[in-house]
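Going down the list, the protein sequences come from chains Z and A.
First residue of the first sequence: 1, per full-length UniProt numbering; consecutive thereafter.
First residue of the second sequence: 1, per full-length UniProt numbering; consecutive thereafter.
Everything labelled a hint here was simulated from the structure, so no lab data went into it.
All figures in this text were calculated on a predicted structure; none of them were measured in a lab.
You can take every hint at face value.
Listed below are the simulated DSS-like cross-link pairs for lysine-lysine, each with C-alpha atoms no more than 30 angstroms apart in a straight line: (1) 30/Z / 57/A; (2) 20/Z / 71/A; (3) 84/Z / 33/A; (4) 71/A / 57/A; (5) 109/Z / 33/A; (6) 33/A / 20/Z; (7) 20/Z / 21/A; (8) 116/Z / 33/A; (9) 33/A / 30/Z; (10) 19/Z / 57/A; (11) 19/Z / 33/A; (12) 84/Z / 57/A.
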Amino acid sequence: MDSFQIFTTSTSLVDSVDKKLLVVLRDGRKLIGILRSFDQFANLVLQDTIERIYVADTYGDIPRGIFIIRGENVVLLGEIDEEKEDESPLRQVPVEDVLQIQREEMEAKVKREKTKHRMLSDQGFSVDVAEFGELY
Amino acid sequence: MGTLDSIRSNPEAVLFYSFFKTLVGQPVTVELKNDLAITGVLVSVDQFLNIKLDNIKVVDEERYPHMLAVKNCFIRGSVVRYVQLPAPSVDTALLQDAARRERQQPATGARK
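Bound-form chain Z, shown alone:
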């Protein structure tokens, strides 16, 4: 390891172009679409995008059309193996149902966090407040 090659190569996404990909975003969203374009910042252009919301063993899809995603929001890109997708144990349900359950789960979580926050504050602890909408 005693020569540092100055020429650098990108981990290229060119092999993933025109493929169906799963994109996980920093706010937790999962988008599935066909990658059409990218750049050095991992900015992406996705076509025929659907936003898939997972709840328990079900999922619901929302069609989203064409997305341009700013690279800083991208966590990972995964190539979807169509065969494995067919074997999926998850059931697709109407998206309204999934959104309803998701809303309920969110409300329950916010309630729990508030109670926890209050109890800790009463004890004299200061609590970090997670930035809204961004999980990581």
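On the provided structure of chain Z, position chain A as indicated by the hints.
Quick look at chain A alone, frame taken from chain Z:
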């Protein structure tokens, strides 16, 4: 591009990139800032330490059902928390030496 500038201002910029290049083909586990951990074979790495993995297996699969149909992935370097490596693949003495040399003699400029 600003690659040479980034090396001048940050001499360690290529050190870990070069280090990861020696690990291509090895199984590694990448832990992300969102707590997701993925094991896979290291396919490639780039100057931003973006990582491509093949034949991935998600640690604690049940929590991440969306990853079930995914066999290869590209991970943006900025979201990586840890990269767990097989110990026999890492020569820590060499790495330490390389780091020391980088500090004394940045990759551009002083080299002949």
